[in-house]
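Student: Protein sequence lines, in the order shown, are assigned to chains A, B and C.
Residue 1 is where the first sequence starts when you use the numbering used here, and the numbers rise one by one after that.
Residue 1 is where the second sequence starts when you use the numbering used here, and the numbers rise one by one after that.
Residue 1 is where the third sequence starts when you use the numbering used here, and the numbers rise one by one after that.
Careful, some of the hints might be misleading.
As the list claims (entries may be wrong) - Computed, partial: chain B to chain C, Cβ under 10 Å:
| # | residue |
| --- | --- |
| 1 | T54 |
| 2 | N88 |
| 3 | L97 |
As the list claims (entries may be wrong) - Capping the alpha-carbon separation at 20 Å, the derived lysine to aspartate or glutamate pairs in EDC-like fashion look like this:
| # | chain 1 | residue 1 | chain 2 | residue 2 |
| --- | --- | --- | --- | --- |
| 4 | C | K169 | C | D117 |
| 5 | C | K37 | C | D54 |
| 6 | A | K350 | A | D196 |
| 7 | C | K37 | B | D95 |
| 8 | C | K145 | C | E175 |
| 9 | C | K272 | B | E195 |
| 10 | A | K154 | A | E185 |
| 11 | A | K358 | A | E231 |
| 12 | A | K316 | A | E302 |
| 13 | C | K213 | B | E195 |
| 14 | A | K304 | A | D336 |
| 15 | A | K358 | A | D274 |
| 16 | C | K213 | B | D202 |
| 17 | A | K358 | A | E265 |
| 18 | A | K307 | A | D320 |
| 19 | A | K307 | A | D335 |
| 20 | C | K243 | B | D95 |
| 21 | C | K250 | C | E63 |
| 22 | C | K284 | C | D96 |
| 23 | C | K284 | C | E63 |
| 24 | A | K154 | A | D196 |
| 25 | C | K212 | B | D202 |
| 26 | C | K272 | B | D202 |
| 27 | A | K184 | A | E173 |
| 28 | C | K240 | B | D202 |
| 29 | C | K129 | C | D224 |
| 30 | C | K212 | B | E195 |
| 31 | C | K169 | C | D96 |
| 32 | C | K84 | B | D202 |
Treat the hints as calculated values from the structure; they're not laboratory data.
The beta-carbon is built from N, C-alpha and C at its ideal position, and this holds for glycine as well.
Here is how the chains run, residue by residue.
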Amino acid sequence: MNPVLTIQNLILRRGGITVLDISELTVEEGRILALIGPNGAGKSTLLLTMAGLLKPDQGKLYYKGSPVDTNARRAHMRRSVSVVFQEPLLINTSVYNNIALGLKFRHFSKDEIKKNVDAALDYFGISSLAKRSAKTLSGGEARRVSLARAFALKPELILMDEAFSSLDPPTREALIDDLRHILKETEITAVLALHDREETLRLAQDVVVMAEGKIIQSGTTSQIFSHPESEFVANFVGTETILAGVVETNKEGHLEISINGKIIEAVGNFSAGDKIYCCLRPEIITVSPVTPGISSARNVLEAKVLKIVRQAYLYKVFLDCGFPLVAYITIPSCDDLGMCEHSFVAVSFKATAVHLMKRNK
Amino acid sequence: MELIVQGIIKAFELLISFDPEVMGITWLSLKISGTATFISLFIGVSTGTIVALTNFPGKKLVISLINTGMGLPPVVVGLFVTILIWRNGPLGFLDILYTPYAMIIAQAIIATPIVMGISLAAIQNLPPNLRLQILSLGASRLQMVWILVKESKLPLLAAVMAGFGGVISEVGASIMVGGNIKGYSRVLTTATVMETGKGNFDVAIALGIILLLLAFLVNLFLTQVQQRQQQR
Amino acid sequence: MKMFRSSKVILTLMTAVFLLVLGAANVFAAKQAPKQKNIILATTTSTQDTGLLDTLIPIFEKETGYFVKTIAVGSGQAMAMGQKGEADVLLVHSPDAEKKFMSEGNGVNRRLVMHNDFIIVGPASDPAKIKGLKSSAEALKSIAKANALFVSRGDNSGTHAKEKTLWKKAQIDAEGQKWYQQTGLGMGQTLNVAAEKKGYTLTDRGTYLSLKKNLGLNILVEGDAALLNIYHVIEVNAIKWPKVNVNGAKAFADFMVSKRTQNIIKTFGVKKYGSPLFFPDAGKKVENLGK
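Only chain A is shown next, with the shape it has when bound in the complex (with noise of 0.2 Å):
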């Protein structure tokens, strides 16, 4: 793997504040990599830094293996980069000239501007604009071209602000399978600042969780969703079930665990007597009428039902089994099981899919 961008002890003041302190990050090639962590935790900042747009107070960025470590080599590096901020941030012109500016600052020929112009066009099914001047485009249709000018620089390595932040979700939807879509054609190293995980779960292949202008945890996808090292991670990454725990037994790695006085069976490394957090996430859930038939999950648990909540396709709902429990269920299944609430229902889920993090408090 060749990494295109890596930072080392990299510490950025604004103020006297200390806003960015990564000891340690790669972007390989050919990756697509998701910022995620809560408002304020350094994204932006981050991506700006990559970009070259700002200018760290102590550390070192290399960029393809050589430091970029003076003005002149940011000004450089920025030009095998491109930049797209959380707003479109068109300017005052046509849709093509937009999109051209940044060939043009980059000095290519008037043909290869039409050239990638158009392709760029293309790739974001918006060649019906080229002509329209860029102040009278719609949300969706801005953030399109401002991706496509992005996209028109053949960049190496292509940065995103929170892209889809302010479009609504059919725009959204579509934008983001057309992004997948030409990030896998054309290969570009990406780094994606995120808040949503399931953008995050449907563009990223790795992810690096921050809070404070820190990374918290980094890995793959899989990795941080299904493993979450702590209670901030695996709250951020959509874990809407964590309960604090104390081991009981452990017969060869099968733990019962004890919870609020229930027990519940989980497979780990941890001894009798640690206190763990249990992650227990709304898919592993099963949700079934109250006599049972025969299930493989070792956790079968009786739960009131204390609210429902329609979400968009989904029922968001809130269970009490002696620890409170969240699961969703689709709006069928929920007619299915005439469940409303205070009404009961069984609840069950496989021993292997609880995900267990030490506890320290």
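Given chain A, work out where chains B and C should sit, using these hints.
Tutor: Chains B and C alone, transformed into the frame defined by chain A:
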């Protein structure tokens, strides 16, 4: 009342007949105020842009100074310019008191903070990430600034018009540093004051009408451009 | 396309302004005579407002190649400019202040140029009944007694200085009285104020004659020797102020007292107003004026 009617009739006679003296005064006004505005455009837009785009200690103070300067009383400017450039003043060697050049300088000093303040606000009102976006597209700093200036061209146009409107209708500084010399530094406003003093109300009214007409044309042009931009 | 058009507008505008600047520079360059050719003439408003200087100066400029910058202010301010060396030559009408100016060494070669006279004008109704009085001091006393409105220049001009002398002579402290108002404006504007408010005022005859048609004010007192309005030309002392254009100042002063100029002064305004506005006096003695 009769005086006013007579004055207005005479004024239109002077206008329609393209009276050479009135035309000369009008043309000189346009040249002096146009040049002053042009100078203030360069200084004002560039300084305003620099102040808007850079961070330095005391920036807030500088901005409030500029905003105060937008309301510089012309007579005060006239007074200080006079003191600076009179023969025995620090810039006396230039020998430009009572010349159109002195008027251009004074008017440029009046117009520059106006242009500067408006361009400063215009550049500050652009989305904060826009300059980073432009830089990241591969622009040099100069190219970036040029794009930002182009992006705020509508408020900048307003700045030019405000500056021009301010100086062409200004009388205090012009009469102090220009001296209202016939055929040389006599402009619409100073001539209006003088003709009123002499009781030549017809000429004064004619000059006043021209001044109003110029102000109207300037605003008409500005409104046109503004409307056109909004239609996009 | 619209974008294109508006940048074109801006471009055209900028080009136009640029050409304007070039043009302006050319015109100014053409008008701008060599530096030492500039003469700053500080003078009273009456010489400009009557149009006398507009007649004389082009002749002088054509004859000598000098370029005269006429700064028309009050006599007081004109002398203040001379006192600072900011003018080369003065044409003023405030004899007492002029004497002080000379005694302080600010000027050289003070020469009598011309005179006209001051008159007291007022509304036809003449509430203070001063019409026909021979003594200006008597007239002012009557005005004060009748509490009739008197409008003063109040601007330290030659006219204002004369007016103050007259009040002193009449032994009246007019300033601060209810019926006494100061405009702080030039003669023409002060006459207009007096006309509007139906008040009395002291004016030079020349300015009055040139404005008469619009005013509705009548001449009530004239011919008093105390009402003489005498103009002198003074060259600013170049020893005190080395930057003064000494040759230009002398040339202009010489021109003002030259025979030809004096003849022009003699007939100036006759055609328009039916009587001369100024009486040429070059070479005469002040004591003999008005006799």
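Student: Each hint: holds or not?
Tutor: Here's how the hints hold up against the structure:
1. At its closest, the beta carbon of T54 of chain B sits 26 Å from a beta carbon of chain C; the interface hint therefore is violated under the 10 Å criterion.
2. With its C-beta approaching chain C no nearer than about 6 Å, N88 of chain B sits inside the 10 Å limit, and its interface hint holds.
3. A least Cβ separation of about 7 Å between L97 of chain B and chain C falls short of the 10 Å threshold, and the interface hint therefore holds.
4. Restraint check for K169 of chain C and D117 of chain C: satisfied, since their Cα atoms lie roughly 17 Å apart, inside the 20 Å limit.
5. Taken as a hint, the K37 of chain C and D54 of chain C pair is honoured in the structure, with Cα atoms around 19 Å apart against an allowance of 20 Å.
6. For the hint linking K350 of chain A to D196 of chain A, the alpha-carbon distance of about 27 Å lies beyond 20 Å, and the restraint is violated.
7. The hinted pair formed by K37 of chain C and D95 of chain B meets the criterion: a straight-line CA distance of about 12 Å does not exceed 20 Å.
8. The hinted pair formed by K145 of chain C and E175 of chain C meets the criterion: a straight-line CA distance of about 14 Å does not exceed 20 Å.
9. Proposed proximity of K272 of chain C and E195 of chain B is supported: the alpha carbons are some 18 Å apart, at most 20 Å.
10. Distance check on the hinted pair: K154 of chain A and E185 of chain A sit about 12 Å apart at the alpha-carbon level, within 20 Å; holds.
11. Restraint check for K358 of chain A and E231 of chain A: satisfied, since their Cα atoms lie roughly 9 Å apart, inside the 20 Å limit.
12. Taking the CA atoms of K316 of chain A and E302 of chain A, the gap is about 18 Å. The hint holds against a cut of 20 Å.
13. Simply put, K213 of chain C and E195 of chain B have alpha-carbon atoms about 15 Å apart, close enough for the 20 Å limit, and the pair holds.
14. Taking the CA atoms of K304 of chain A and D336 of chain A, the gap is about 17 Å. The hint holds against a cut of 20 Å.
15. Restraint check for K358 of chain A and D274 of chain A: satisfied, since their Cα atoms lie roughly 8 Å apart, inside the 20 Å limit.
16. Proximity of K213 of chain C to D202 of chain B is assessed by CA-CA distance (about 13 Å); at most 20 Å being required, the pair is judged to hold.
17. At roughly 16 Å between alpha-carbon atoms, K358 of chain A and E265 of chain A fall within 20 Å of each other, so this suggested pair holds.
18. The straight-line distance between the Cα atoms of K307 of chain A and D320 of chain A is roughly 10 Å, inside the 20 Å bound, and the hint therefore holds.
19. Between K307 of chain A and D335 of chain A the CA atoms are separated by roughly 15 Å; this keeps the pair inside 20 Å, and the hint holds.
20. For the suggested pair K243 of chain C and D95 of chain B, the alpha carbons sit about 10 Å apart, so the restraint of at most 20 Å is met.
21. Taking the CA atoms of K250 of chain C and E63 of chain C, the gap is about 14 Å. The hint holds against a cut of 20 Å.
22. Taking the CA atoms of K284 of chain C and D96 of chain C, the gap is near 18 Å; set against the 20 Å cutoff, the hint holds.
23. This hinted pair does not check out: K284 of chain C and E63 of chain C have alpha carbons roughly 25 Å apart, beyond 20 Å.
24. For the given pair, K154 of chain A sits about 27 Å from D196 of chain A by alpha-carbon distance, which is inconsistent with the 20 Å threshold.
25. The hinted pair formed by K212 of chain C and D202 of chain B meets the criterion: a straight-line CA distance of about 15 Å does not exceed 20 Å.
26. Distance restraint check for K272 of chain C and D202 of chain B: the Cα-Cα separation of roughly 17 Å lies within the 20 Å cut-off, and the hinted pair is therefore satisfied.
27. Distance check on the hinted pair: K184 of chain A and E173 of chain A sit about 17 Å apart at the alpha-carbon level, within 20 Å; holds.
28. Distance hint between K240 of chain C and D202 of chain B is unfulfilled; the C-alpha atoms sit about 44 Å from each other, more than 20 Å.
29. Annotation: proposed proximity of K129 of chain C to D224 of chain C holds, straight-line Cα distance about 17 Å (limit 20 Å).
30. Distance check on the hinted pair: K212 of chain C and E195 of chain B sit about 15 Å apart at the alpha-carbon level, within 20 Å; holds.
31. At roughly 14 Å between alpha-carbon atoms, K169 of chain C and D96 of chain C fall within 20 Å of each other, so this suggested pair holds.
32. For the given pair, K84 of chain C sits about 37 Å from D202 of chain B by alpha-carbon distance, which is inconsistent with the 20 Å threshold.
Taken one by one, the earlier hints fail for this structure at numbers 1, 6, 23, 24, 28, 32, listed in ascending order.
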